[in-house]
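Q: If you read the protein sequences in the order shown, they are chains A and B.
Going by the numbering used here, the first sequence opens with residue 1, and the numbers climb by one from there.
Going by the numbering used here, the second sequence opens with residue 1, and the numbers climb by one from there.
Read the hints as simulated data drawn from the structure, not as lab findings.
All C-beta atoms, glycine included, are put in the ideal place defined by N, C-alpha and C.
Wrong hints could be hidden among the right ones.
Unchecked claim - Facing chain B, according to a computed beta carbon distance under 10 angstroms, are these residues of chain A, among others:
no. : residue
1   : R362
2   : M363
3   : S384
4   : G460
5   : P462
6   : W482
7   : Q505
8   : G511
Stated by the list, open to error - A short list of chain B residues far from chain A (calculated; beta carbon distances all over 12 angstroms):
no. : residue
9   : R5
10  : L6
11  : G15
12  : G25
13  : E72
14  : G111
15  : V112
16  : R119
17  : H160
18  : G173
19  : S179
20  : E181
21  : T184
22  : P189
23  : A197
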Amino acid sequence: MGVRTLAVWCPDWPVTAAGHGRDEAVAVLAKGRVVACSEAARAEGVAPGLRRRQAESRCSGLAVVDDDPARDARAFEPVVASVEAAAPTVEILTPGLCALPARGPARYYGSEPAAVTWITEAVERTTGPGGCRVGIAEGSWAASQAARRAVIVEPGSGPTERFLARLPVDVLDDPDLTDHFRRLGLRLLGDVAALPAASVLERFGPSGARAHRLASGRDERPHLPRVPPEDLAVSMGFDPPADRLDTVLFAARQLAAELAVHLDERVLGCTVLAIEAETAGGRMLVRRWRHEDGLTPQALSERVRWQVEAWLLRGGEDGAGVPGGLARLRLIPELVHPERGRQLGFWGASAADELVAGALVRMQGMLGAEAVATATLVGGRTPSARVRVTPWGATPPEGECVSTGTGRGGKAGVRGPRAPERPAWPGRIPPPSPATVYAEPPGVALLDGAGAPVTVDVRGHPSGAPAILRAAGMAPADVGAWAGPWPADERWWDPAARCRRVRMQVLTLGGEAHLLAFDGDRWLLEATYD
Amino acid sequence: MANDRLLPAVPGLAGLLPDGGLRRGSTIAVSGGVEGGGGTSLALAVAAGPSGAGSWCAAIGAPPLGLVAASEMGIALERFPLIRAGGRAWVRTVAAALEAFDVIMAWPVRGVSIEEARRLTALGRERGAVLVTCGPGWPERTDLRLEAVRSEWIGLERGHGRLRARRIEVAVGGRGAASVERRTALWLPSPEGRIEAAPETGFIAPAVIDAGLDAAFAGISDDDTVAVTAG
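Sequences are here, hints too, so could you generate the full structure?
A: Pasting the structure below:
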């Protein structure tokens, strides 16, 4: 369960940012479709997702503006500044929505309702009355939902779960997925949360898994130390201080790209990015941007650009601008997490690797996650014990795999035909290894010349020379040559898993070579050298 | 990754192939003969060349493969996903793999129609992928056909020794340059564990193995013993 979080949400922010009041009929369009609209337009039937013409036909006199996230972010800066004046450590989730840990303000103002009142008043001084809603819940996603409804959810994980369970699936903001859910009769988040996580992942892929996580109130990354172990921050100084927007933006883009490379190298995703600027006058400006699913390189660069524009064009926290320009710009990834979901695309993976990863994920969607697997070699004696198969995308067994690098295209040739052998396992079946290894070894009959079953005594001596091999689905074959039995007392330290077996290589006169194992009373066909 | 027309084959196999490598966009059928099988090993050997050189290979609908053997032959297991697909999903899975992989080893399911086979072949040609069909069940003629006609293990005796090396006789046929069927012998693997061309001088008869094996594998020390005895 996440940290108790207070969220501030400004309704219809793109409309407000475009300079329109809530009583004007306004729609914001991106790529010909409505992405946001004002209260007045909504009353006439305008809704996100409509085409321009549909929206205009529903609401005569509808004013239309183009979507511009940078404008939204710039306009949001004074709002964030006003929240920060009331309570520090604000993180911007998206223009129009910001969040902060609730504990500090609740203590400072005496109680959570008091904190909500104070912060609402502080923000309304900037946005005008009714310009914002504040809510509190566990975790930033739940809190943002609480803010939309202006409620304070009781502390503890239970109330937040119950609060989320009653919300319609539409709040997931993923129209395709929501549509699927509705067709399956899943109308509330509670219905989604009640399903097993694995089934949701298998049926709906990563977006379904995200929905399930959110619906169960588990949106938060596990909270790691706020200062990452390695200094990942990147910075750039301007001498003389830069006051031209294009100069700073150029530097900002470079810094963002540099940071993205650093993160990629360390297989980290960035959840909270702090953008820090030092003005020529020595004042420090800091803004934090948060993104639960990790900021992609593109999103990272976008947020840096928005923030720099917000400072330079809107003029800083108190409207005084940035006199003299910026002397230094720093990007600090404050909260990072190991990337597990996207294991590809690091170490400069080639386009082929990306393509393959896409195809494998698609196949997992068709066939189920377990049907697509990769193998790693581990220690062991028998051909089957030396292989560990893990579903694609799952973390391979730790410490045992030597090379799991899916993307080391450049080093591919280094690993020659004969990989360096792992530590010796006494009693291991020597190479060459069999090309077919049965997952469930079928039972076979091994008879001696007199037609009696061959057995092996406790000292490892066979009762007779094998002469005939009989297996289900195969004609009885005469044994031309054999070797063994080689004893192996496996896992003798563990009474439950102990397995005393002897193995024998058998070559039939037809030329087929098999590896047989005797487990005390019968022979099993472990592998075939075909 | 090299985007050339040819994917490299392991040295022993290169001599067998008309182009000296695996031609992108082509289809290859690999099968095992009656005597001693060898088809699975041969298929793994075909994939080993590209895989060792950095290509991604997929195994679709494969029997339980010996992955230690695959690794010994030179397949990079981290670029060798195993995909379980049966029934009607098989064709779609192979099609999805052809879009992304360099080499697709596919064990056909029952009832692949000629139209489906042609469609997959065309897709492979368009994407520059090599489709290796393993075992029976592929209804269409392929550009190249490799069949393990006979395989013979040496090193195993009546009660001692162990499997050390295998000579395998491969029949190569197909279209174009390969239309005249040839037979060649291959060590799969050789006593040193490599895949290489074997001398053409027929197969060692079992009797000869029995007599000559100790000399061949126990090698010098036996000769030394003989020399000391003689001296």
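Q: If you test the structure against every hint from before, which numbers come out violated?
A: Numbers 4, 13, 17 and 22 - these are the hints that the structure violates, sorted from lowest upward.
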